[in-house]
Amino acid sequence: MDLKQLVTKKSFYISERKEFISCDLRPTWRISLLVLILRLVGRGNKATRNKVHIANWALKNNEHIDSYLQYTEQKKGKRPFINLDPAMDKAIDYALFSKLITMNNNRIQLTAEGIRVANRLIKLEVFEIEKSILLQLKPALSEEKVTKALEGK
Amino acid sequence: MSLSLKRLLVKIKTMGGGPFGLDITFDQGLVVIRLDNTHGKSTCLNSIAYALGMEKGIGATSRFPFTPVMNKTLVFEEESYTVVSSEVFLQISNGTDEFSLQRDIFDVHGDTNIIKVQKGSIDDFLPELSDKYYINKQNDTSSERGFYAWLCKFIGWSLPQVPKTDGGESLLYPATIFPLLFVEQKRGWTGIQSTLPYYFKIKDVRKRAIEFIMDLGVHELLVKKQKLKIKHGNLLNYWQQWHMQLSNKAKLVRGEVVGLKKQPHKEFSQIAIEIGITQGKRQMLLDDLLDAKRNSLKIVKERRVQESNTGFDVQRIKALIMEKELSQQVTQDNLDEANQKLQLLASNLHSVDIRLKSLNENKRKYEDLKKVNELGLLDGLSVEEGSCPACEQPVADALLPNIVEHDVMSAEESLGYLKNQIKTFSFILDNTRQEFEDQQQFVNTTRDDLFEVKAEIRRLKESITDVSKTNLEEFIREEVKLEESIKLLEEVRVFRERVKDEVSKLHREITITETSINKIPKDGLTKLDKSKLFKLKQILIDHEMEYGFSSFSPNDLNISFDSYLPTLENYDLGFDTSASDGIRIIWGYLLGMLELSRDYEMNHPGLLIFDEPRQQDADPVSFSSLLKKAAGTKQHNQQVILATSEKTTSLSVATQGLDFKLIDLTESGEKIMRPLP
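Chains as they are written, first to last, in the numbering used here: chain A, 1 to 153; chain B, 154 to 830.
Do not rely on the hints blindly, as some may be mistaken.
Non-contacting residues of chain A with respect to chain B, defined by C-beta distances greater than 10 Å in every case (computed) [unchecked claim]:
| id | residue |
| --- | --- |
| 1 | 30 |
| 2 | 65 |
| 3 | 69 |
| 4 | 133 |
| 5 | 148 |
Cβ pair distances, simulated, as ranges [said to hold, decoys possible]:
| id | chain 1 | residue 1 | chain 2 | residue 2 | range |
| --- | --- | --- | --- | --- | --- |
| 6 | B | 418 | A | 139 | 53 to 61 Å |
| 7 | A | 66 | B | 418 | 46 to 54 Å |
| 8 | B | 322 | A | 83 | 48 to 56 Å |
By construction, these hints were calculated from the structure, which means they are not laboratory data.
A virtual CB, placed ideally from N, CA and C, is assigned to each residue, including glycine.
Model the full structure from these sequences, guided by the hints.
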């Protein structure tokens with residue numbers, strides 16, 4: 001079959017398709033996750049940026065959770081390779097300007113509105129896996145352990 | 154089939170005052186309860202629903218269905234009292250018997266999931282002598298101690314079994330029927346059955362409820378169809394089991410099933426079921442192979458007899474060894490090649506699996522996102538509206554805008570996209586897995602072949618050095634091997650014959666079941682059903698004319714044979730009407746059912762409760778025609794209870810000349826809960 005003929009014989013057009021992006025890049029999804037992290041593993045609805053990042057990283061897959069728990073809880077294994085997700089920073093910015101959180105001294109705290117949203121998310125049947133993992137990880141996510149995992153001290 | 158209310162009594166005990174409460178006696182026919190807004194009208198009507206255990210049917214789920222007056226503070230003559238406990242009594246009648254129900258609304262010691270029932274009037278009610286029935290627990294509709302079971306018996310309902318969305322079956326819960334009898338003020342007027350609870354997971358629950366109230370015959374057909382479908386599913390299951398057993402048997406002789414698929418297929422024929430066995434490069438049918446093996450056995454036997462007289466032939470053995478060694482080489486090469494392919498397939502399988510998992514994970518997240526969006530949890534945030542919360546510039550719906558080159562899909566589109574991808578990849582996964590399994594089997598058989606050849610070579614070599622060996626040994630060995638494989642093949646053949654019989658029996662049954670399923674008409678309405686729906690349409694049109702329905706000519710209204718709801722030119726009346734016409738439709742439809750039950754055998758209990766039917770200010774003319782229509786229920790021994798905040802004067806104009814009972818509760822300007830005598 002002659003390719004050229006095939007193409008020129010019939011009129012054709014190229015249309016732009018919409019692009020698919022992973023759900024965790026959606027602002028709404030990530031902001032919801034952010035308020036859940038602060039509510040469930042924060043202390044008094046407050047946490048450092050580092051803790052938020054580690055929780056966010058741990059939720060990405062089970063190996064992350066295992067390596068983190070092994071290092072902080074069982075004191076063995078190598079320091080986990082933690083990457084900070086720029087999308088989370090963006091979500092923090094959005095949430096900050098949407099008045100769901102406040103920032104003080106690198107500590108992120110939920111506002112009353114943020115707490116309201118988080119509480120509703122906890123009640124609803126959404127983010128089930130994330131919620132159960134966060135509750136499970138809570139003891140291992142103290143600020144001290146977070147710093148240790150990030151700085152290796 | 155009747156239910157009417159006789160008397161409602163609410164009792165509230167407080168600290169330092171009271172007891173407070175409300176005591177209303179109802180008559181048959183139209184009962185109008187007049188009360189100013191925010192004075193406790195809904196509290197009054199909701200406690201009727203609550204006493205009947207129907208709070209789920211008016212849109213209250215787990216939350217407390219009342220204002221704080223029932224459980225916190227009560228204000229009377231500008232003084233506040235702390236509520237200690239509250240309870241509701243309801244006296245109901247089914248035409249022959251009268252019973253009193255009691256349920257705790259708020260009581261630290263009481264259980265709100267228990268309804269006490271006693272024959273006779275409220276005045277004679279003694280908690281100790283009453284029967285206790287439970288609700289909101291398993292079997293509250295079917296068990297002897299379940300309140301709904303009692304209530305249905307009292308009304309004269311026998312609830313149908315209906316299919317659920319998860320494949321099971323359950324009784325049609327009374328709470329799903331209640332929205333056709335009770336229109337709640339807040340959400341009730343947004344549409345017909347708008348407070349219908351969906352969380353019972355009943356398939357098409359909206360239709361099932363209407364079918365029940367109107368007693369449509371279509372329901373029985375539905376049950377029949379459901380049963381047939383379950384039977385069909387079971388038969389398919391047996392079929393699959395036979396198929397699996399046969400292919401397992403076939404694997405014993407390195408064969409595969411031909412002419413029989415996992416599902417019944419069009420060109421099914423009993424004769425076509427065969428077992429194909431790969432021999433070297435080509436495939437043979439089981440019977441042919443059996444014949445061939447029997448022949449070889451005969452030849453080998455004959456040769457043994459011949460050879461038994463000749464001496465040991467070393468040269469022949471050596472030639473045989475060389476031949477076998479060559480075949481060992483070929484088999485080894487085949488095995489290596491097959492192993493490579495197997496590994497490739499395994500890694501393919503793994504990557505498809507990973508892809509599918511990540512797709513499913515993403516789908517789960519998008520479903521969460523969809524719920525969050527639907528509930529509007531983050532509504533009002535500018536990110537949600539597509540602009541940056543700091544600088545108000547438009548931003549893409551993505552956290553890393555630099556990776557996005559085109560428009561991104563909406564959450565809804567993404568879900569659709571993911572569903573398609575998951576479908577495709579599941580298909581690929583199934584195929585790859587099948588291919589992998591086939592290859593695995595191929596590798597196994599090739600390895601067996603290789604070992605066999607190796608063992609044979611070893612034996613032959615040994616026989617050269619071992620003087621005690623004779624030619625005969627090889628022949629005998631081959632004979633035994635052939636006999637064994639013939640035995641196995643015969644066994645498989647017997648099983649195949651059995652499967653042929655069983656499967657063709659199944660095939661007949663499946664065809665019969667399928668035809669009976671297809672015979673059941675799609676809309677499934679009987680002649681009587683259609684005449685009921687047609688009559689309902691006429692009543693509805695008649696009502697709408699009187700109410701001054703004006704969005705379009707009432708004569709264009711129709712009742713759908715599919716959804717049983719009012720339609721215009723086959724479209725459900727969603728938002729095509731003005732708000733006040735929407736309310737007129739609800740009036741007409743629900744009152745229409747009440748009227749219809751006078752002429753036809755139906756499950757309607759002859760009771761209708763409207764909370765604030767003048768929601769959107771349908772003009773006074775139509776309100777008075779509603780009252781007129783509703784007042785007509787008295788001569789048919791039915792009951793319509795209507796609560797309104799209409800001013801006393803205008804109400805008396807609207808009800809001029811009507812036979813009805815007026816309960817005007819705001820003469821004193823106080824709220825509805827007052828000191829009880």
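Tell me the numbers of any earlier hints that the structure contravenes, in ascending order. 1
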